[in-house]
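Chains as they are written, first to last, in my numbering: chain A, -8 to 274; chain B, -8 to 274; chain C, -8 to 274; chain D, -8 to 274.
Derived by calculation from the structure, the hints in this document are not laboratory data.
Treat the hints loosely; a few may be bogus.
[Stated by the list, open to error] Calculated pairs, DMTMM-like style, for lysine to aspartate or glutamate (alpha carbon to alpha carbon, straight line, at most 20 angstroms):
id: 1; chain 1: B; residue 1: K190; chain 2: D; residue 2: E219
id: 2; chain 1: B; residue 1: K7; chain 2: D; residue 2: E233
id: 3; chain 1: D; residue 1: K190; chain 2: B; residue 2: E219
id: 4; chain 1: A; residue 1: K7; chain 2: B; residue 2: D(-6)
id: 5; chain 1: C; residue 1: K7; chain 2: C; residue 2: E46
Number of protein chains: 4
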Amino acid sequence: MSDSTHLVLSLSCPDKPGIVHAVTGALARRGGNITESKQFGDSDTGLFFMRVQVETTVPRLELEKDLEALAGDYAMEWSLDEVGRPMRTLIMVSKEGHCLTDLLFRARSQGLPIDVAGVVGNHEDLRAVAEFYGAPFHCIPVTRETKEAAEAELMALVESLGVELVVLARYMQILSPALCERLHGGVINIHHSFLPSFKGARPYAQAHERGVKLIGATAHYVTADLDEGPIIEQDVTRVAHEDSVAALRAKGQDVERRVLAQAVRWHTEHRVLMNGHRTVVFA
Amino acid sequence: MSDSTHLVLSLSCPDKPGIVHAVTGALARRGGNITESKQFGDSDTGLFFMRVQVETTVPRLELEKDLEALAGDYAMEWSLDEVGRPMRTLIMVSKEGHCLTDLLFRARSQGLPIDVAGVVGNHEDLRAVAEFYGAPFHCIPVTRETKEAAEAELMALVESLGVELVVLARYMQILSPALCERLHGGVINIHHSFLPSFKGARPYAQAHERGVKLIGATAHYVTADLDEGPIIEQDVTRVAHEDSVAALRAKGQDVERRVLAQAVRWHTEHRVLMNGHRTVVFA
Amino acid sequence: MSDSTHLVLSLSCPDKPGIVHAVTGALARRGGNITESKQFGDSDTGLFFMRVQVETTVPRLELEKDLEALAGDYAMEWSLDEVGRPMRTLIMVSKEGHCLTDLLFRARSQGLPIDVAGVVGNHEDLRAVAEFYGAPFHCIPVTRETKEAAEAELMALVESLGVELVVLARYMQILSPALCERLHGGVINIHHSFLPSFKGARPYAQAHERGVKLIGATAHYVTADLDEGPIIEQDVTRVAHEDSVAALRAKGQDVERRVLAQAVRWHTEHRVLMNGHRTVVFA
Amino acid sequence: MSDSTHLVLSLSCPDKPGIVHAVTGALARRGGNITESKQFGDSDTGLFFMRVQVETTVPRLELEKDLEALAGDYAMEWSLDEVGRPMRTLIMVSKEGHCLTDLLFRARSQGLPIDVAGVVGNHEDLRAVAEFYGAPFHCIPVTRETKEAAEAELMALVESLGVELVVLARYMQILSPALCERLHGGVINIHHSFLPSFKGARPYAQAHERGVKLIGATAHYVTADLDEGPIIEQDVTRVAHEDSVAALRAKGQDVERRVLAQAVRWHTEHRVLMNGHRTVVFA
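The shape of chain A in the complex, shown without the other chains (with noise of 0.2 angstroms):
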């Protein structure tokens, strides 16, 4: 199909029969074609989610019309989206460049479908790659002192580089409850470790004291519950006794990158949508 678009539409919904057609049906009557679609329907929640990709000739913003007046109908929340279109993303990060160096590759050259609109450092040791990478770099240091005048800074940046999604790639900060809130589900962060074990500090201390025999990495959605937020995606390595907290935190570094590099795929591709306190992943 020479003029079709590709389109992606994710919605979650409270249960009821005959959704699955009343979109579907939407879809048809533009002649759509679906390619991929996945839904679920949460007993627990009462919640049913969809995401389909569609082949159409419709433009995006005539097959919005059709879906707010279905949308209305049926409770959605919902988002209609180009398949592949980089989202404006901002990266921020403290001094540990794995996550950043990663994801900037990525996007370069292997499709992850972000548009880095800037990286936002505490310390400039980041500088470099990020410039090396094309992205611009802004040095925001936060100290107690400065911290609500650093967070103003940051919602400037966001607003005027039209950011649709922040990473927190290893921000060693803690985001106040005011900026969680007002970037709710626009914030994904990287914990290095496999929670809900070793909350807070010094994970990797933790778990070499633990003696535990895997350690990994949890990409989450932040709210204003540190550590709490919907988790997105999670894995793990083996680790051996041998392994010193230097070691544990160099084998951690490849799962954290791994995992935060995946949880920002799934989520620039409408695949995660929220499910009360946890996710549905359209994987």
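Given the structure of chain A, go ahead and fit chains B, C and D onto it with the hints provided.
Just chains B, C and D, lined up with the frame of chain A:
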């Protein structure tokens, strides 16, 4: 829904717009509520695949009539079944019991939806375990001379017992092309290597000789082309230089039984659809 | 070597120069040939750990005398055993049979070096499977009132049967601190979570509630501090949003039995050494 | 130990009693303290392998003299190095930068002990990233006509730069048998399949065509026999029916870079020993 049944419909057909809408329309007109569904269109083969679980108060047979009409319009291959209905299964074995024991245990205690119609062995070794789990054991020895008669006996069992699925749980005989053809799509084999590596005999000895660092197992549908049937599931486990061929075999058995059980579960839940010589697995 | 025995020596002691030389000297003077060995010095705890397999024509008892002298000089904790000698094992269960069935099958068919002295259940449910595999089954019910008497009965069994290892194969009772102390280092438990996450009761329900993307199991030595004993082995498996608590339990059982069997194998092969509240595992 | 050095000795020789005692005796006489050690005797090949890390105040060169005498007695192949000494490494690439970027990042930030003497590309594409990380880039194009000259240029670089290890980080040219011979044991390649499956060209297309459920990567020493060299490390990742060949390639790149980095780390830490056409890896 007190009087509802939970049905699973799986289908494949040439891809064209409107399939999902048409199918879900047929379900919606009968008041069906979709609980889980996945679809996939393969641009390589031009085929469309769909699996949908639906809760409905309409009897399965009535829904089947609705679907028959639809199936004609879209040239569908399809099946409709009750979710969780145990499938009549014949398990074939030789001397090693790890896969058989595992399948029987899962059927009894872990909800693997198979109804073991019988166990066929070409040796007597595994009679006791079959009978412990209440499965009738049939010893059908096979030699070059008796192979044809043995296969006839097997087919007679398949028919008299109403067998829907045959599982080769480390059955060390090769089925004749005629039998493969006759049971096409209804026989799952576990091969003790990560195919296409190490086809044929003694895969663990081959793996040891090559010095690989992971060994695996492959569950696939049986076709006349040995070890070349459509793959349903594979997995691997790590091995080391200390591991003898015997150690590889012991480690590999864990992977074999896990992979086979997973493949059988997916098959009986109608999650596996043929896509040429590959499979679509709606896991 | 036709008349040789294959022995395994494992030891730990305060670290200082010359240990390996002294130990291998004692072995060399007896014509011993080392087939596999691992050593590790932990700079945190100042302890040194060693495991060595040796082929020798000298009887085990003579070698023991040589080692006793050495052990005094270096303040060693040590053991000498025959490679592959089955360890006298008591398995304790409640109602779920996946771990028990797995251990019994592996002991019979896969060379797991345990000699099952008996199976103790606080319910009758698993008598049949124990007896199928030839293991005497003892039902010792436990209530708050009978707990003390039940533990006395258990200890009497441990002593009369010459039990070297007790395996809690999903035994749903908590051992008293006194019993934990008495059997210190000789009891392995499988906990159905990836510790330290989800300690205590109903870990799969906890995992479902938190929305984790992997679930796990942990085999550890039992201490008076519940779920805090030294970890021997852990593993995880992937779960998804579709998975109910029951589905987590079914998927988790696969991990539980695999992790427990691995821990038991390593323990019986003298590969696990205590390093404070952590373990050294010479896998 | 303030003036101590931390050394690593690795060796292999025909197996016979007394090797460990003799080696550790040489170390003990110099006051060496063993921090980590592993040994293995292969009954198939009759070879014995040993790797030992030792802290000592004696200079490396003196210890080497002691070992030379011993090595003669036991017909050892051996090496003695400082723990953590970066190995002079030449990285060869074509156009895909995932492995190169990863190795350079790990060398800078994660303690991968390589000292990148230079990067050789047969295209200019990766000059920028090499130079960003401070590695001199040499473009040596290769055509059928210039292959001999190109290899001569490469060998000149290897010699002038004091290169100890050559890493083919997705270098898409085949080295001549003569060059393979000359650099024997000093060249590591990453092949983008789980060998021995899918040798040769376009492994991801082959994997897609076969419908496998896992794809992998293999790091191996380069020999004149293409894709048949001794395997150092392998790993896999899960793929699904939705994955196009391009998706397999993207997913596979993660495995490639992880497997290659692991193999390079083990090689530079002297953990990999040749055992015929297989390897012993003291991980």
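How the hints compare with the structure:
1. For the proposed pair B/K190 and D/E219, the alpha carbon gap of about 17 angstroms is at most 20 angstroms, so the pair holds.
2. The straight-line distance between the Cα atoms of B/K7 and D/E233 is roughly 18 angstroms, inside the 20 angstroms bound, and the hint therefore holds.
3. The hinted pair formed by D/K190 and B/E219 meets the criterion: a straight-line CA distance of about 17 angstroms does not exceed 20 angstroms.
4. Straight-line distance between C-alpha atoms of A/K7 and B/D(-6) comes to about 17 angstroms, which keeps the hinted pair within the 20 angstroms bound.
5. Simply put, C/K7 and C/E46 have alpha-carbon atoms about 26 angstroms apart, too far for the 20 angstroms limit, and the pair is violated.
In terms of the numbered hints stated before, the structure departs from hint 5 and from no other.
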